[in-house]
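Peer 1: These protein sequences, in sequence, are chains W and U.
Letter 176 of the first sequence, counting from 1, is numbered 176 in the numbering used here, and no numbers are missing.
Letter 223 of the second sequence, counting from 1, is numbered 223 in the numbering used here, and no numbers are missing.
These aren't lab readings, by the way, just hints derived from the structure by calculation.
Some hints here could point you the wrong way.
Below, simulated BS3-like cross-link-like pairs (lysine-lysine); rule was C-alpha separation at most 30 angstroms, straight line [unchecked claim]:
hint, chain 1, residue 1, chain 2, residue 2
1, W, LYS436, U, LYS33
2, W, LYS473, W, LYS489
3, W, LYS489, W, LYS620
4, U, LYS165, U, LYS89
5, W, LYS446, W, LYS436
6, U, LYS89, W, LYS580
7, W, LYS489, W, LYS424
8, W, LYS446, W, LYS424
9, W, LYS387, U, LYS89
10, W, LYS473, W, LYS424
11, W, LYS620, W, LYS424
12, U, LYS87, W, LYS387
13, W, LYS473, U, LYS33
14, U, LYS119, U, LYS33
15, U, LYS87, W, LYS580
All values reported here derive from a predicted model rather than from experimental measurement.
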Amino acid sequence: MAQSTFAPAAAPAPSASAGIGRHVGALGAVLLVVFLAAFPHVVTSSYYIHLLLVIAIYAILILGLDIVVGYTGQVSLGHAGLFGVGAYAAAVLFLHFKLGIWWGLLAGIGVTSAFGLLLAVPALRVTGPYLAMVTLAFGTIVQIFINELTPITNGPLGITLPPARVIDFAMFGITPPWGAAGRKLEFYYLVCACLLVTIAVVNRIVRSPFGRAFEALRDSPIACDCMGVSVYRYKVYAFVVSAALAGLAGALFAWSERYVAPNSYGFELTVLFLLAVTMGGRKSRAGPLIGSAIIVMMPNILADIDLVRIMAGLIAAVAVVVGIQAFVRKAENRFAILVPVVLCILFLPATLALQSVTDFRLSVFGLLILFVVYYLPDGIVGFLREKIPALRPAHTAEGKALSADGDALIAQRGKAAGTEALLKVEQALMQFGGLKALAGIDLSVKPGTIHGLIGPNGSGKSTMMNVLTGIYKPTAGSVTLAAAGSAAKRLDGRTPSEIALSGVARTFQNVQLFREMTALENVLVGLHHAFHGTIFDAILGTPRRKREEREARTRAMAILDFMGLASLAQVEARNLPYGKQRLLEIGRALALDPVLLLLDEPAAGLTAPDIADLTAIIRKIRDAGITVILIEHHMDVVMGLCDRVSVLDFGHKIAEGGAREVQADPKVIEAYLGAPDDMGGTASDAGKDAGKDAGREPAHA
Amino acid sequence: MTIFLQLVASGVAVGMIYAAIAFGYQLTFATSKTLNFGQGEALALGALFGLTLAPFTGYWLMIPLVLVFGFALGAVVECLGVRPAVKIKSEYGWIMATIALGIIFRNLAENIWGRDDLKFPSPLPEEALQLGGIRMLPMELLIIAGALLMMLAVEIFNRKSIWGKAVIATSNDIDAAGLMGINTKRVITLSYSISAMTAAFAGVLVAPVTLTGATMGAVLALKAFAVAIIGGLESGLGVIVGGLILGVAETLTGFYISTGYKDVPGLILLLVVLSIRPVGLFGKAVIKKV
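Model the full structure from these sequences, guided by the hints.
Peer 2: What follows is the structure in structure tokens.
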């Protein structure tokens, strides 16, 4: 257990080159186990043992909250409500059915998972402030119902529980092997075990395809859907897992406090949990533990005015040092840093003036939140990781050991050919209010070709792309995909993730990478379709899960190698140079194993050598049997690559044919450059055309 | 039937309070796509500040002072909580920062005015008026009129004054407005100020008919958000209709089911509307560009 808790879940044989980073996790896990095991024997005061219990229980919830806040990037203000539901599930079972702690834990997990599912339905449709308010409303409703459903919950009086009987020796007819002191610790060790299991479970989930899906939907929901990873479904997973952990924590809390009351699970608790997650550090296991310890101990520290004064003195001293340092070094933001420094210094006289800060406990928490949000956005763990490289997550460096030959990848597919169209668009109409972005377009793309789609800005190219990939539902018309060896399939009306899984991959005009994930992880999200394991496979680390992960990583490395990105596999996407980001996006799309690849202005903003690389890669992709639709403004790229070109203008297809043919078409020239007065059309028509073209960007020829 | 009409009439008064607060949400959402999660505290502080002033100035003279107070409070929230977070493009940042400011304000209010609820003296007679068989408190009528007037005044300000036009321009397209020389940062601050001013005004309107205290705003603000969602965050008429729906639903629930559940329909309505039609009943669907 201790070994696996912090180590990567799907690690193949550890490679010799792995840095010190991954051992930090394992070391931390061992220290945690030793600390938890030894604590009650070293510190016998039941007060401190109880304090540690509360820290551990909160930590379980906060680890779950981190999945929602850290990984999927949503703000939930409903976790105190879920915590309360878990606590009441356990307490009510005892009150009415005299069922003990084990039933309580099961019920806590089960009931809150169901609530998480319920909450996910409105929460899925919305993000950001909406989601925060929805979850806040949920938390409020929970509190009202607990208060009002007196026959079930005993109303405002609350429910009192007896000491938890963790192991029922009498049931087995044996005398307890340890004395009364030992029996008191049974519950303590149960909580510790739950905490360790939670750490292990969360660790495995976030490193599985599920965790990658969570991060992907945070960084770019739209790209996530277009990689065949349904944002909808994975938000539900994240919510349910997170809720289940909140329920477990709630049930444990009920049996730890041995009393539940409606008002213990309100808004303030929710905010404390959020503070703990951010202050400790998102996306880590150590962060929630640190955060939990802070929020539990803080009220105790604030109750001791002398201690507060000493701490305020220390803080003021540190602030003075930091302030002077910033000023001497003439840091750019030295005036911005003045505000917190002055505040920190003022804190000292404030504590000296006050007899007690307990009444101002919430203000202190509020100030802490502000401080964390603005000056410590990645939390304590994030701050330490930035300062000490050894603490950075090792990003499972096995990727390098699994390097594969990219060109072998290409040999896997034969050259696709055939006369039947692979993609057939018939009378596609896309209407936005009165504007017809696509006014009934027919398009037919032959397999194994590169089909260019050009036209001036605003001609409907990107709309076409969005219709093809399901981001827009066409007002009328049909889109049919007829891949060789499978029946023709209507694509219109399907969701983006269904279309992606049918073999249509795309890139985006404005790069939509999963920014906080490495290049390798980006491609692995594209390979999501190759994973068939359930969430239980991920949690248990079954052989199937390990095999799938190994195979996917090999394939992902092969794709990166093919794109010429193998050496950048462990670099976070946001840190890649722009040209490489464009290539990575194509690589991620290739991971879907598509029959049709849609490239939306892949050369935009690239330098000339980058464009040459890109052209070569697109050719290789075509030679591998993948049909390509290319939207591009660089005419030399279009003319050099495309087997066939369709030209759009104002939602109509005005020309189609070979590249040279189209280039010479007077209608195309007119669309791009406007019609000269002596070339067809009445004078008024020409005037109108000139007007409408005035706002257009010239094509990069 | 009379009872029903009576409940509807009381519901209208409550609903107008929600509408006024929801209107405040709309103002800031329009200019900056952010909301003040501490709107309830702005309301409570407005009411408490008014309570302290009222003995010296009387109710009517106190109102303009409360408006100024609310205006300043909104600017503080925007400068401390929203602007830095918007600068670093952190949605989590402004949500947490406005919540944190709300908590601090509430805590300070508790320390200044105490934790117990206070009675706000009513400026109008407390005997109910008979209006065609329906009994209404004069204060309820004042609430309806006051809330409507407030919204009307802000609308007129937006349409007629140069600053109001800047607010509308910023709402329509913040980048274009910035390029036209409008100081969009100040416009956002202004929208926060007006928003908190509306909330503080709603506070002194509602205080005489409820109890006044640091926590009075929390549930009101949440339900006002429900109203803003039901009506659509972009629709001015929507909040009035939404407020009426919610206010009436509440008084009916309180009477026919139990007063303990009177907050529930609004919150359920919020969840249902967001599940079915996230842009609200009066909102327009937005097409996202890729």
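Peer 1: Against the earlier hints, flag every one the structure doesn't satisfy and list their numbers going up.
Peer 2: Per hint list: single violation, 14.
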